Each structure stands twice: as structure tokens, then as C-alpha cells.
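Trainee: Please work from the sequences and hints to get the whole structure.
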Amino acid sequence: MNHSFIKTYEMIDFDNNKDRLFKEFLSLAEEVLISFQTRERYLEKEIKWINQHFISLIKDISLIDQRKHKKSLLEMAISELELLIDYDDDDEDKAFDFIELVINLINKVKYLNQKQDDIK
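Under this note's numbering, the first residue of the sequence shown is numbered 13, with each subsequent residue one higher.
It is possible that part of the hints are untrue.
Here are the simulated DSSO-like cross-link-like pairs (lysine-lysine), alpha carbons at most 30 angstroms apart as the crow flies [claimed, not checked]:
| no. | residue 1 | residue 2 |
| --- | --- | --- |
| 1 | Lys-106 | Lys-71 |
| 2 | Lys-83 | Lys-71 |
| 3 | Lys-120 | Lys-60 |
| 4 | Lys-71 | Lys-60 |
| 5 | Lys-60 | Lys-106 |
| 6 | Lys-71 | Lys-120 |
Label-pair distances were calculated between CB atoms; the ranges are [claimed, not checked]:
| no. | residue 1 | residue 2 | range |
| --- | --- | --- | --- |
| 7 | Asp-77 | Tyr-99 | 13 to 23 angstroms |
| 8 | Ile-118 | Leu-95 | 17 to 27 angstroms |
| 9 | Ile-46 | Ser-68 | 13 to 23 angstroms |
| 10 | Tyr-54 | Asp-129 | 36 to 46 angstroms |
It is worth saying that the hints were derived from the structure and are not from the lab. Keep in mind that this is a model prediction, so the values were computed, not measured. Just so it is clear, CB atoms sit at the ideal spot from N, CA and C, and this is done for glycine as well.
Mentor: Below, the structure written as C-alpha cells:
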């Protein structure tokens, strides 16, 4: 990853680092992000967007209180990431589909957080 715009994150200080699904989600996401290196000159704007939003998403997912909702959210994300890993690294849709996944996850996390706030 020398001289790359792509950021990967070690999530050592989160409680979720003991959670199997959370670890799998982070591992698969990292694999997808690394695959963008071959086309990073063409994907510079997309990679900057991902770098900005993905770490916030990880933090927000880690803060979801309800285990059942977090589990289903992570299972859905893992399924999507497994599909993305099967894409060819040069497939132009891979980055955009990853961004779409991140946007969908952000929206779902916002909904879950709002739902949690309404319950309190």
C-alpha cells in the first residue's frame, strides 16, 4: 500500500473487535479497498469519498446498541462485500457499488439510531 490514497483502518480500540461478524465485515471491506489500488488514479474522487465516509460508518456501526439489529446489518453488509470481492479488480462498477453499499449502510445506521433515540 505504498504511496496509495486508499486508507485502511485498524479498529483496535472498539469493543466490537471481539465480534466475529464485525471482524469479518472489516476484513472483507479492506479486501475490496485494496483491490481499488490498480485503478486508483481513475478512482481518485471515489476513493476520497470512501476515505471520508467509511471510518464514520465503522464508528457508527460499533455504537449500535441493539445486538439483533447490528447482527442483521453486518450479515447483509458481509453478503454484499462477498459479491464485490468476486468482481474483477478492473470492473468500473466495483467502486460505485461499494459506495452504494456504504451509503445504504449509513442510511440504515441513521435509521437504527433514530429508532433507538425514539425508544429512549
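Trainee: Decide, hint by hint, whether the structure agrees.
Mentor: Results for each hint:
{"no.": "1", "hint": "Lys-106 <-> Lys-71", "result": "23 angstroms, holds"}
{"no.": "2", "hint": "Lys-83 <-> Lys-71", "result": "15 angstroms, holds"}
{"no.": "3", "hint": "Lys-120 <-> Lys-60", "result": "22 angstroms, holds"}
{"no.": "4", "hint": "Lys-71 <-> Lys-60", "result": "18 angstroms, holds"}
{"no.": "5", "hint": "Lys-60 <-> Lys-106", "result": "15 angstroms, holds"}
{"no.": "6", "hint": "Lys-71 <-> Lys-120", "result": "14 angstroms, holds"}
{"no.": "7", "hint": "Asp-77 <-> Tyr-99: 13 to 23 angstroms", "result": "34 angstroms, violated"}
{"no.": "8", "hint": "Ile-118 <-> Leu-95: 17 to 27 angstroms", "result": "19 angstroms, holds"}
{"no.": "9", "hint": "Ile-46 <-> Ser-68: 13 to 23 angstroms", "result": "20 angstroms, holds"}
{"no.": "10", "hint": "Tyr-54 <-> Asp-129: 36 to 46 angstroms", "result": "40 angstroms, holds"}
Figure legend: structure checked against the earlier numbered hints; the only hint not met is number 7.
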